[in-house]
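Asks: Go by the hints and put chain B onto chain A.
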Amino acid sequence: MPSGVPLAIFLLPFFSFIVISFVIRPFLNSKPQLSGYITITSIGTSLILSLWVLAEVSSAPGHMLSMPDYEWLVIGDTVIRFGVTVDALAAIMLIVVTSVSLLVQVYSQGYMHGDPGYSRYFAFMSLFTAFMLGLVLADNLIILYVFWEGVGLCSYLLIGFWFHRPAAARAATKAFIVTRIGDFGFLAAILFLYFKTGTFDIGELHHLALAGAIGGTVLTWAAIGVFSGAIGKSAQFPLHTWLPDAMEGPTPVSALIHAATMVAAGIYLVARMFPIFASSLTAVTTVAAIGGFTAIFAATMGLVMNDIKRVLAYSTISQLGYMMLGLGVVGIGVANDAISLEVGLGLGVAVGIFHLFNHAFFKSLLFLGAGSVNHATGTFDIREMGGLRKVMPWTYATFLIASLSIVGIWPLAGFWSKEGILDHAWDHQTALFFLAMITVFMTAFYMFRLVFLTFAGEYRGGNAGHGGASAHAPSLRESPLMMVAPMGLLAILAVISGWLPVSSFLGGKSESFFGALAHPMAWVSMVLAGLGILLAYALYSARWLSVESLRRRFAPLHTLFSRKYWFDELYERVIVVRVLVDGIFALLNWFDTRIVDGVVNGVAGGTIAAGRVIRRLETGQLQVYGIAIFIGVLAIVACFLIFG
Amino acid sequence: MTVGLEHFLILSAILFSIGLYGALAKRNAVVILMSIEIMLNAVNIAMVAFWRYGHLITGQVFAIFIMVVAAAEAAVGLAIIISIYRSRETVDVEKIDLMKW
Numbered sequence: 001m002p003s004g005v006p007l008a009i010f011l012l013p014f015f016s017f018i019v020i021s022f023v024i025r026p027f028l029n030s031k032p033q034l035s036g037y038i039t040i041t042s043i044g045t046s047l048i049l050s051l052w053v054l055a056e057v058s059s060a061p062g063h064m065l066s067m068p069d070y071e072w073l074v075i076g077d078t079v080i081r082f083g084v085t086v087d088a089l090a091a092i093m094l095i096v097v098t099s100v101s102l103l104v105q106v107y108s109q110g111y112m113h114g115d116p117g118y119s120r121y122f123a124f125m126s127l128f129t130a131f132m133l134g135l136v137l138a139d140n141l142i143i144l145y146v147f148w149e150g151v152g153l154c155s156y157l158l159i160g161f162w163f164h165r166p167a168a169a170r171a172a173t174k175a176f177i178v179t180r181i182g183d184f185g186f187l188a189a190i191l192f193l194y195f196k197t198g199t200f201d202i203g204e205l206h207h208l209a210l211a212g213a214i215g216g217t218v219l220t221w222a223a224i225g226v227f228s229g230a231i232g233k234s235a236q237f238p239l240h241t242w243l244p245d246a247m248e249g250p251t252p253v254s255a256l257i258h259a260a261t262m263v264a265a266g267i268y269l270v271a272r273m274f275p276i277f278a279s280s281l282t283a284v285t286t287v288a289a290i291g292g293f294t295a296i297f298a299a300t301m302g303l304v305m306n307d308i309k310r311v312l313a314y315s316t317i318s319q320l321g322y323m324m325l326g327l328g329v330v331g332i333g334v335a336n337d338a339i340s341l342e343v344g345l346g347l348g349v350a351v352g353i354f355h356l357f358n359h360a361f362f363k364s365l366l367f368l369g370a371g372s373v374n375h376a377t378g379t380f381d382i383r384e385m386g387g388l389r390k391v392m393p394w395t396y397a398t399f400l401i402a403s404l405s406i407v408g409i410w411p412l413a414g415f416w417s418k419e420g421i422l423d424h425a426w427d428h429q430t431a432l433f434f435l436a437m438i439t440v441f442m443t444a445f446y447m448f449r450l451v452f453l454t455f456a457g458e459y460r461g462g463n464a465g466h467g468g469a470s471a472h473a474p475s476l477r478e479s480p481l482m483m484v485a486p487m488g489l490l491a492i493l494a495v496i497s498g499w500l501p502v503s504s505f506l507g508g509k510s511e512s513f514f515g516a517l518a519h520p521m522a523w524v525s526m527v528l529a530g531l532g533i534l535l536a537y538a539l540y541s542a543r544w545l546s547v548e549s550l551r552r553r554f555a556p557l558h559t560l561f562s563r564k565y566w567f568d569e570l571y572e573r574v575i576v577v578r579v580l581v582d583g584i585f586a587l588l589n590w591f592d593t594r595i596v597d598g599v600v601n602g603v604a605g606g607t608i609a610a611g612r613v614i615r616r617l618e619t620g621q622l623q624v625y626g627i628a629i630f631i632g633v634l635a636i637v638a639c640f641l642i643f644g
Numbered sequence: 001m002t003v004g005l006e007h008f009l010i011l012s013a014i015l016f017s018i019g020l021y022g023a024l025a026k027r028n029a030v031v032i033l034m035s036i037e038i039m040l041n042a043v044n045i046a047m048v049a050f051w052r053y054g055h056l057i058t059g060q061v062f063a064i065f066i067m068v069v070a071a072a073e074a075a076v077g078l079a080i081i082i083s084i085y086r087s088r089e090t091v092d093v094e095k096i097d098l099m100k101w
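Keeping their order, the protein sequence lines are chains A and B.
When we follow my numbering, the leftmost residue of the first sequence carries the number 1, and every step to the right adds one.
When we follow my numbering, the leftmost residue of the second sequence carries the number 1, and every step to the right adds one.
Simulated from the structure, these hints should not be mistaken for laboratory data.
No residue lacks a Cβ here, since even glycine has one placed at the ideal position from N, Cα and C.
Keep in mind that a hint or two might mislead.
Cross-link-like lysine to aspartate or glutamate pairs, in silico, DMTMM-like; alpha carbons within 20 Å at most [said to hold, decoys possible]:
id, chain 1, residue 1, chain 2, residue 2
1, B, Lys26, A, Glu618
2, A, Lys390, A, Glu458
3, B, Lys95, A, Glu618
4, A, Lys509, A, Asp337
5, A, Lys390, A, Glu478
6, A, Lys509, A, Glu342
Okay, the calculated beta carbon distance ranges per label pair [unchecked claim]:
id, chain 1, residue 1, chain 2, residue 2, range
7, B, Ile18, A, Ala635, 17 to 25 Å
8, B, Asn28, A, Arg594, 53 to 61 Å
9, B, Ala75, A, Cys639, 36 to 44 Å
10, B, Ser83, A, Gly620, 14 to 22 Å
11, B, Thr90, A, Ala635, 49 to 57 Å
12, A, Ala635, B, Met34, 24 to 32 Å
13, A, Gly632, B, Val61, 29 to 37 Å
14, A, Leu641, B, Val61, 26 to 34 Å
15, B, Ala79, A, Cys639, 35 to 43 Å
16, A, Ala635, B, Met1, 34 to 42 Å
17, B, Val61, A, Gln621, 47 to 55 Å
Covered, in the sense of this in silico footprint (three residues per stretch, anywhere, with C-beta under 8 Å from a C-beta of chain A), are these stretches of chain B [claimed, not checked]:
id, stretch
18, 15 to 25
19, 90 to 98
Extracted from the complex, chain A is given alone in its bound form (with noise of 0.2 Å):
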C-alpha cells in the first residue's frame, strides 16, 4: 500500500472543505445540491481507502503497519514529528468514521433540503470528517490534540448551525466551554509527559510506560489528566452536561457527531493510551469508576426526558459510560496482574472499542430515525407524536432494529459487545457490574418508552403552530428514499455488526454466534432488558398502569431526574455566577483596578502633585532667575576662593 493512502483518507475530506467553502459558496450559490455531491464523494472515496488500510492491516505482522513520518516543527533540541498510525484500532476507527459520516451525508441530502445553509452545512460536516480521521490517524499527542480540538470547533459550528435561536447559540457555547475544561487537563498532561520522558510520541510513550521507565505516581497524574480530556469530549460524569443540550443542532450532526464519532474520541483516546492507563491502578479504577456510574446517572435521566433527541443524548452518554467501564474493568484486571499484560492490552481495547463500534451504528440510527420522525411531525416532543408505526413503516422498523440492538437482545449488534463488558466487569469489579446490570434495565425502558410512545397508539400531534420549524409542516408520510436508505443500511449493520470479527480483530476474542448464549450472563441481562421492555409496554402501549399515578409515587424521583439532578443550576448559579463572578472574578477586578491600577494611577498622581509644588519655583520671572544666576556665580567663584 502506498504510503500516501493514509494521508489521503484524511485530505478527501479536507479538500472537500476548501472547495465548498471558497469556490462553491462564493461562486456557484445558486447551486448548492453541489456541496453535498462533493462531500459524498470525498467521504465515500476515503470509506473505499479505509477498506483498503483495514485489509493491508489484517494482513500485516501484528496487525501494524509502519508508515514514514515527517519533520514537522524544530524548537531548539525539540523535534515534532507528524506521521500517522495505521493499527488494527486506527483502522477500526476509520471505518466507522467514514462509514457512518457517508450514510450521514446521504441522509443529510434529504433533511438539510432548502435549508439557507445547505453548503456551509456540507463544509463543515466534510471539516469534522477531516478532523476526525486526523485524530484517528495522528501518531503523537501533540497533532492529536490539534484535530482533538478541531473537532471541537467542528461540534461548535454545528450545534451552533441555527445561530439565529438563541437556544442553538447558548448550546454551542456551552458545549465548547464545557469540553474545553477538560481539555485543559489533557493538554497539562501531555505537556507534563513531554517534561518527564521528552517525546510526544504515543508509540515511543507506551514502551516507556511498559518497561517502567514511567513513574508510577507520573503515571497516574498523567493518565487522569489525559482522561479528563476523555471526559470533556465524552460526556462523561461531571463534564455531561453539554451533550442534552448539544441536541440543538441538526439532527445528521447529532448523528455523527454527538452519537457516533466525536463523543467516542474521549472512548478512542483512553483506549490509545491504554498501556499507560493500565500501568496505574488508580487511573484505571477512575476510569471504570466514572464510566459505571455515568452510564447508571444518564440512564435515570433519560428514563423521564420528554424530548426524542434529549432521551437519545442522555443514552449515549449512559453507553459511552459503559465503554469507559469496558476499558477501565479490564484495566484494573491487568494492573491487578489479573490478566496478563499481552493479553489485556489488546483485550481492554477491544471490549471497548467493539462496543463503540457497535453503538456508532445504532446510535447514529436511532438519531437518523429521531430526525425522520421530525421531519413528518415537525416536532421531538413525544408526547406529541403516536401511531406514526403505520405512516412511517421503514422509520419504525428500523427504529425498532435499532432499539433492540442497544438493549441488548441476542443476536443484535448491542448484544456482542454489551456482553463483553458486563463480563469483565463481573470478573474484576462487582460494584460497578451490579450498576451497569440496572443500567440495562433502565436502557430498555427509555428505549421502549421512545419507541411505543412514538411509533404506538394513536397520533396524538397536529396542534397548530406547535412548536418545531415551519419547514416541516407535520404532513405525516415517510421521509424521501434518500434518508430511509441510508437508515435502511445502518439498520443492516446494527444488526450485523455485532458478529464481524471486530474484537478479535482488536486483540479481544470473539464468541460464537451460539456459544454466547450459553453463559447464564446473557439470560440474567436478557432478562432484565425484557423486564424493561415490558414496563415500558405495561405503561406507555397497554396501560396497565397509570404513568400519572407512578409518578405522583415517586414524585421526588421524577423530579429529581426531570431537573437533571440540578445539575446545569448547580454549574450556572453556584459555580459560575457564586464561585466565579462573585467570588475569584470579583477578587480579580479588585485586585486589577486597586493594585494593578492603583500603582499606575499612584505614580502619576505623585507626579502631578510633586509638579503643582516645584512649578512654584518656576515664577516666569527673568528676575528671579537672574538672582539665582547670581548666587550661582558667587557660590562658584567662593568655591574657587575656598578649594582651588
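Replies: Only chain B this time, still in chain A's reference frame:
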C-alpha cells in the same frame, strides 16, 4: 595718590553691582533697562582701563562694540516696553504674566 588700574576696576565693580541690583530687584521695566545699561557701561570702563594699562587694543574695540550693541538693545527694549505699556497700561514686570502657569 596715583590713580591705578585697580581704582578703575573697583569703580567698574561698584557700577556693575549697582546695575545688577537694579536689574534684579526693580519692578519697573524702564528702570531694569537703565540698570542693564549701567552694567554694560561698567564693563566698558573695565575694558578701556585694561586698554589703557595693558596696551591691549582689543579692549578698545570691544568697548565700541558694546556701545553699539547697547544702543541697539536700548532701542529694541524701549520699543517693546512702549508696546507693552500701550496694551496693558503698565510696565511693572510682575504684572506682565500672560504666559505664566
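Asks: Are the hints correct? Go through all of them and say.
Replies: Hint check:
Between lysine 26 of chain B and glutamate 618 of chain A the CA atoms are separated by roughly 19 Å; this keeps the pair inside 20 Å, and the hint holds. Under the criterion of a C-alpha separation no larger than 20 Å, the hint pairing lysine 390 of chain A with glutamate 458 of chain A is consistent with the structure, at around 10 Å. A threshold of 20 Å between alpha carbons decides the hint, and for lysine 95 of chain B with glutamate 618 of chain A the separation of about 16 Å falls inside it, so the pair holds. Distance hint between lysine 509 of chain A and aspartate 337 of chain A is fulfilled; the C-alpha atoms sit about 19 Å from each other, no more than 20 Å.
Between lysine 390 of chain A and glutamate 478 of chain A the CA atoms are separated by roughly 10 Å; this keeps the pair inside 20 Å, and the hint holds. A C-alpha spacing of about 13 Å is found between lysine 509 of chain A and glutamate 342 of chain A, which places the hinted pair at or below 20 Å, so the restraint holds. Distance hint for isoleucine 18 of chain B and alanine 635 of chain A: a CB-CB separation of about 22 Å, consistent with the stated range 17 to 25 Å. At roughly 56 Å, the beta-carbon separation of asparagine 28 of chain B and arginine 594 of chain A lies within the given 53 to 61 Å, and the hint holds.
A hinted range of 36 to 44 Å holds for the C-beta pair alanine 75 of chain B and cysteine 639 of chain A, which are about 39 Å apart. In this structure, serine 83 of chain B and glycine 620 of chain A meet the distance hint of 14 to 22 Å, their C-beta atoms being roughly 19 Å apart. Between threonine 90 of chain B and alanine 635 of chain A the beta carbon distance is about 34 Å. The supplied range of 49 to 57 Å is therefore violated. Checked against the hint of 24 to 32 Å, the C-beta distance between alanine 635 of chain A and methionine 34 of chain B comes to roughly 28 Å, which is consistent with it.
Separated by about 30 Å at the C-beta atoms, glycine 632 of chain A and valine 61 of chain B satisfy the suggested range of 29 to 37 Å. Distance hint check for leucine 641 of chain A and valine 61 of chain B: the Cβ-Cβ separation is about 31 Å, which falls inside the suggested range of 26 to 34 Å. At about 41 Å, the CB distance of alanine 79 of chain B to cysteine 639 of chain A agrees with the hint of 35 to 43 Å. About 35 Å separates the C-beta atoms of alanine 635 of chain A and methionine 1 of chain B, a value consistent with the hinted range of 34 to 42 Å.
At about 35 Å, the beta-carbon gap between valine 61 of chain B and glutamine 621 of chain A misses the expected band of 47 to 55 Å. Given as covered by chain A, the stretch 15 to 25 of chain B passes the check, having 4 residues with a CB less than 8 Å from a CB of that chain where 3 are the minimum. Residue count for the stretch 90 to 98 of chain B with a Cβ under 8 Å from a Cβ of chain A: 3. That meets the three needed, and the coverage hint holds.
In this structure, the hints that do not hold are numbers 11 and 17, in rising order.
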